[in-house]
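Novice: Below are the chains, spelled out letter by letter.
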Amino acid sequence: MSLEGFEVAVVGAGPAGSAAALTLAREGVQVLLVERGTFPGSKNVFGGRIYSYALKRLLGDQWKDAPVERFIRKEGITFMTVDSSFSIEYEAKDPKGSFTAVRAKFDKWLAEQAEKVGASLITDSRVDDLIIEGGRVKGIIAGQDKIPTDAVIACDGTTTSLARKAGLASILEPEEVSMGMKDVIELPADKIEERFGLEPEEGAAHVFVGECSGGLRGGGFLYTNKDSLALGMVVGADDASTKAIPSHTVMDRLRNHRKVKRFIRDGKTIEYDAHMIPEAGPKMLTRPYTGGMLVAGDAAGHLLNNGYTFRGVDMAIVSGVAAAQTILEARKRKDYSAQSLKAYERKLKEEPALKDMFVFSKVPRYLRNHRLYSVYPELICNAAEAIYRVDGNGKRKIYKELRAQTKGKVSTISLIRDLLAGARTF
Amino acid sequence: MSGKQEEMSLDKRLALVSFSKDPEPFIEVDTKLCQKCEKKPCLYICPAQVYSWQDQLNYNTEGCMETGACLIVCHKIGAKAISWKYPSGGKGVSFKLG
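First to last, the protein sequences are chains A and H. At position 260 of the first sequence the residue is numbered 259 (numbering that gives the first Met the number 0), and the sequence of numbers has no breaks. At position 71 of the second sequence the residue is numbered 70 (numbering that gives the first Met the number 0), and the sequence of numbers has no breaks.
Take the hints with a grain of salt, since some may be wrong.
What the hints assert, rightly or not - Here are the simulated BS3-like cross-link-like pairs (lysine-lysine), alpha carbons at most 25 Å apart as the crow flies:
#, chain 1, residue 1, chain 2, residue 2
1, H, Lys-79, A, Lys-164
2, H, Lys-20, A, Lys-107
3, A, Lys-164, H, Lys-84
4, H, Lys-84, A, Lys-145
5, A, Lys-225, H, Lys-95
6, H, Lys-75, A, Lys-164
No lab work stands behind these hints: they were computed from the structure. Quantities reported herein were computed from a predicted structural model and do not represent experimental measurements.
Just need the whole structure built from these sequences, with the hints factored in.
Specialist: Dropping the structure here:
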């Protein structure tokens with residue numbers, strides 16, 4: 000393939016990159032999509048769920064061809080101590096709102112959709128540097144290849160070397176990132192359906208909070224694929240490092256908890272994956288644009304963990320599209336200066352899906368409260384134990400029981416403060 | 000068989016993942032600096048245990064999952080000893096079920 004004559008280079012064929020390339024190619028822009036893996040998705044790991052709306056917006060009815068594992072019917076959360084657990088489950092009216100997927104299939108498929116409308120994909124290619132002239136990004140350098148373009152969209156993930164090279168980011172702080180790890184556990188489809196109480200093609204998503212993270216900031220997750228389970232943990236990078244707890248050992252806590260054991264019983268682990276997750280939000284970059292370049296997806300912090308929904312792929316798609324639209328407008332003006340591309344920032348703020356990041360902007364700080372991972376899950380479980388246990392030694396009313404449980408665990412002031420802050424934050 | 004989940008070591012789990020070795024080094028550590036590193040955060044953050052300690056820092060990039068977390072903790076908590084970039088195009092880890 001000749002590497003000349005491309006107007007835009009998109010770096011990284013994940014959801015942000017492929018959505019950007021697709022949006023540009025559809026409008027007749029000559030776009031090069033560059034992927035360092037042997038195929039799109041081969042370097043990518045996530046928990047397991049994609050919210051459908053973003054894909055519908057991007058592809059219309061064609062989104063139905065996406066490689067869906069299962070549509071999520073059930074949402075669950077479990078608070079756990081070493082030997083007890085308290086679970087809540089919600090059964091959604093319509094499961095089509097989100098689905099589980101495998102990135103090696105999904106990202107590959109999405110990149111193919113971009114190729115279908117004219118984007119050129121090259122794989123096995125690491126972008127090492129940017130061509131910068133007169134303070135403006137003018138293309139990319141991949142190995143021996145210097146590829147001049149009018150603009151670059153960097154969708155190169157959490158470690159985003161391109162944003163750093165363009166002076167938009169420095170190395171992230173440890174408290175701004177989490178380590179995500181997961182096992183993929185093979186289990187026959189009928190067993191999954193029986194075990195989780197699902198109809199065929201329907202799936203479940205489950206979150207675990209408490210003992211499993213071993214006191215570290217973080218939690219566990221479980222998603223049902225077609226004939227496998229994705230079981231994982233996410234822990235704060237600063238926490239694991241400074242408390243000297245090897246990150247992968249918290250996976251053992253999760254795997255060995257009674258509640259989880261029953262879910263994964265007789266399953267066969269077929270892959271172990273890990274990936275770093277940015278938690279700082281859009282402020283991980285000084286700004287998401289510079290002359291000749293925009294940043295989208297994880298690389299721009301466009302994802303959201305608000306404590307009960309974990310969103311990456313949908314936001315990546317939406318931000319990739321916003322970046323592409325900014326480029327399309329700049330192209331009309333034939334002006335790719337920083338001033339011209341500044342419109343991207345406004346687009347991001349106005350985009351309803353991405354606005355959620357600002358609505359929940361105080362969440363990361365709230366989630367740093369360690370009581371959420373130790374004291375409160377334990378309190379919930381112990382209260383349930385006291386409420387449900389009948390041993391003939393006399394029972395207290397629920398309110399009194401709850402009050403008794405907090406004694407010595409958390410002060411009334413802290414408890415009220417956490418509740419009020421929680422109400423404001425979520 | 001029922002009720003039993005196989006016990007599996009980290010090494011066995013890592014053996015489930017495909018890697019293509021990059022002949023070029025993509026992680027380099029100035030291990031002299033590690034001698035004075037108090038917290039040694041790389042030992043704990045890496046989910047693939049690329050780093051280990053036996054009188055000195057040892058590292059084996061063959062199981063590296065390219066999370067990039069070691070760079071962050073080394074530079075912000077540790078001794079700024081790690082230089083890190085992604086492996087060359089097409090090399091390194093390849094996830095099939097990520």
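Novice: All hints are to be evaluated individually against the structure, with a verdict given for each.
Specialist: Each hint tested on the structure:
no.: 1; hint: Lys-79/H with Lys-164/A; verdict: 19 Å, holds
no.: 2; hint: Lys-20/H with Lys-107/A; verdict: 23 Å, holds
no.: 3; hint: Lys-164/A with Lys-84/H; verdict: 13 Å, holds
no.: 4; hint: Lys-84/H with Lys-145/A; verdict: 19 Å, holds
no.: 5; hint: Lys-225/A with Lys-95/H; verdict: 15 Å, holds
no.: 6; hint: Lys-75/H with Lys-164/A; verdict: 19 Å, holds
Consistency with the previously given hints is maintained throughout, with no hint failing.
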